[in-house]
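Following the hints, complete the assembly by docking chain B onto the known chain A.
Taken in sequence, the protein lines are chains A and B.
Oh and the first sequence: position 64 is 64 in the working numbering, straight run, nothing missing.
Oh and the second sequence: position 53 is 127 in the working numbering, straight run, nothing missing.
No lab work stands behind these hints: they were computed from the structure.
Here a beta-carbon is modelled for each residue, glycine too, at the ideal position from N, C-alpha and C.
Accuracy of the hints is not assured; some may be wrong.
Claimed, not checked - Between beta-carbon pairs, the in silico distance windows are:
id, chain 1, residue 1, chain 2, residue 2, range
1, B, L252, A, T32, 50 to 58 Å
2, A, T61, B, R335, 19 to 27 Å
3, B, H120, A, T32, 31 to 39 Å
4, B, M369, A, I55, 51 to 59 Å
5, B, Y268, A, I55, 42 to 50 Å
6, A, N68, B, S85, 43 to 51 Å
7, A, Q35, B, H120, 38 to 46 Å
8, B, H120, A, G28, 43 to 51 Å
9, B, P98, A, D9, 53 to 61 Å
10, B, L203, A, F53, 20 to 28 Å
Chain residues, written in single-letter form:
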Amino acid sequence: MTTVSNPVDDFTKRFMGDPMGDPPPQPGVKLTEQQLRARRARSIAIALALGAFVIVIFLVTIVRLGGNVLTRPM
Amino acid sequence: MSLTVARVEPSIAGVGDYIELMKPRVMSLVVFTALVGLLVAPGHVHPVIGMTALLCIAVGAGAAGALNMAYDADIDALMARTAGRPIPRGRITAGEAAGFGITLAAFSVVTLGLLVNWVAAAMLGFTILFYAVIYTMWLKRSTPQNIVIGGAAGALPPMIGWAAVTGGTAVEPILLFLIIFFWTPPHFWALSLYRTEDYARAGVPMLPVVAGDRETRRQILIYTLLLAPLGVTPWLFGYAGATYGIAAVTVGAIMIALALRVRAERGGHAACKQMFAFSILYLFLLFAMLLVDRMSGLTFGHITL
Chain A
1 MTTVSNPVDD FTKRFMGDPM GDPPPQPGVK LTEQQLRARR ARSIAIALAL GAFVIVIFLV
61 TIVRLGGNVL TRPM
Chain B
75 MSLTVARVEP SIAGVGDYIE LMKPRVMSLV VFTALVGLLV APGHVHPVIG MTALLCIAVG
135 AGAAGALNMA YDADIDALMA RTAGRPIPRG RITAGEAAGF GITLAAFSVV TLGLLVNWVA
195 AAMLGFTILF YAVIYTMWLK RSTPQNIVIG GAAGALPPMI GWAAVTGGTA VEPILLFLII
255 FFWTPPHFWA LSLYRTEDYA RAGVPMLPVV AGDRETRRQI LIYTLLLAPL GVTPWLFGYA
315 GATYGIAAVT VGAIMIALAL RVRAERGGHA ACKQMFAFSI LYLFLLFAML LVDRMSGLTF
375 GHITL
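For reference, chain A alone in the conformation it holds in the complex:
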C-alpha cells in the first residue's frame, strides 16, 4: 500500500508544526528563568512609574484649575 502525502499537511507540519506533536522551535532568543523574572520586575516598575506620572499630572491639573474645575460653559 502506498501512502500519498497531502501537500497541505506537509506545509502545515513544516511551517506550523505538527498539531498533535511538540510545538516547533521558535526563532529568536530564548530567555532564561532569571531573565524572564528580571524583565517582569522591570515591566512592573515601568507600569508603576507611568501610573504615578499620570496621577501627578491629574493632581496638578486639579490644583491648578482650583475652583474653576466646576466652572465651564454649558
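Structure of chain B alone, referenced to chain A:
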C-alpha cells in the same frame, strides 16, 4: 575587512540595579537641600506643586547619576569604592544606563517646566548638563580642580527649590549655593585622601594624586576656613534667627577643629575619615536648622534680586 558584532545578552538587571544607577544617597542630600530651599523661600506653594517639584528634582538628580555612571564605567571598574556599581558588575550596559539617564533627564525637566515653572526647569536642566558633561566628561579626568568647579552642580538644588516657589532667585538661595559649593572640596578631599590609590590607578587627577597628601590637607583647611564663616552668613545678614546662628558657629568651629587635625595628621587617615563623616552631618545640621528657623515663624526671604 572583518566585521565583529558583539552579542548582546538579554538583560538580567533588576529594579534595584536601576535604582542604584540613580545614586540614592546623593539623591537624598539633593532632595533635602532642595526641600530647604523650597520651604525657606518667601511666598506660598501648594503642597502638591511643591511635592511635584521635589519629585522632578529627585528624578533629575537620578538622571545625572545614571549619566555619570554610564560615562565613568571604565574608571569605576578600576576603583574599589565603585567596582560594585551595576555597570562594572555587568548587570547593566553603559548604553542602557545612558538611555535611562537621558529619558529621566528629559522627563524631569519637561515635567518641572510644565507643572511648576520654567525657571526652575531651566536650572534643573543646567544642573544635569553641568554634572554629566562639564564635570563627568571634562573636568573629572583633566584637572585636580574637578570637584571644586563640579561642586556647583551639587550646590544648585536649593536654588532650584527656591525658584520653584518664587520663579526667580535672590541673595538667600545664592548664600545656600555658596555654602554647599565651599563645603564640597573639604568633604571630597577628606575622602580622596584615604582613596588616593584608587584614584591613581584609575588615572583620575584628584588633588592628593596630583599635588600630594600634605598640599591636600592644607587646601582642606583653607576651604574649611572659608566655609565656616559662610555658614554663619544667613544669620549675620538677618535671614535666619539666633538659633541658627549659634548652631552654625558651633558646627563651623567643629569643622575647623577637624580640619586642623587633618592638617596635623601624619601617616594615618583617622582624622580624614572623621572629617568626611562630620562634613555630612555639618551640612545636614545647617540646613535642618534653617528649616527649624522657618518653622518657628522667623522669616528668611527679604532681599530679592
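Determine whether the Cβ-Cβ distance between A/N68 and B/S85 falls within the hinted range of 43 to 51 Å. The hinted range 43 to 51 Å holds for A/N68 and B/S85, with Cβ atoms some 46 Å apart.
Distance restraint evaluation - B/H120, A/T32, Cβ atoms, bounds 31 to 39 Å: 48 Å, violated
Confirm or reject the claim that A/Q35 and B/H120 have a C-beta distance inside 38 to 46 Å. 44 Å, holds
B/P98 versus A/D9 beta-carbon gap, inside 53 to 61 Å or not: This hint holds: roughly 60 Å between Cβ atoms.
For the pair B/L252 and A/T32, does the Cβ-Cβ distance stay inside 50 to 58 Å? With a Cβ separation near 52 Å, B/L252 and A/T32 satisfy 50 to 58 Å, so the hint holds.
Can the suggested window of 20 to 28 Å be confirmed for the beta-carbon pair B/L203 and A/F53? Because 23 Å falls inside the window, the suggested range holds.
If you check the beta carbons of B/H120 and A/G28, does the distance land in 43 to 51 Å? 50 Å, holds
Just to be sure I understand the hint, the distance between the Cβ atoms of B/Y268 and A/I55 should be within 42 to 50 Å; is that true here? 45 Å, holds
If I claimed the Cβ atoms of A/T61 and B/R335 lie 19 to 27 Å apart, would that claim hold in this structure? 55 Å, violated
So does B/M369 sit 51 to 59 Å from A/I55, Cβ to Cβ? Since the Cβ atoms of B/M369 and A/I55 sit about 28 Å apart, the hinted range of 51 to 59 Å is violated.
Consistency note: the structure conflicts with the earlier hints numbered 2, 3 and 4.
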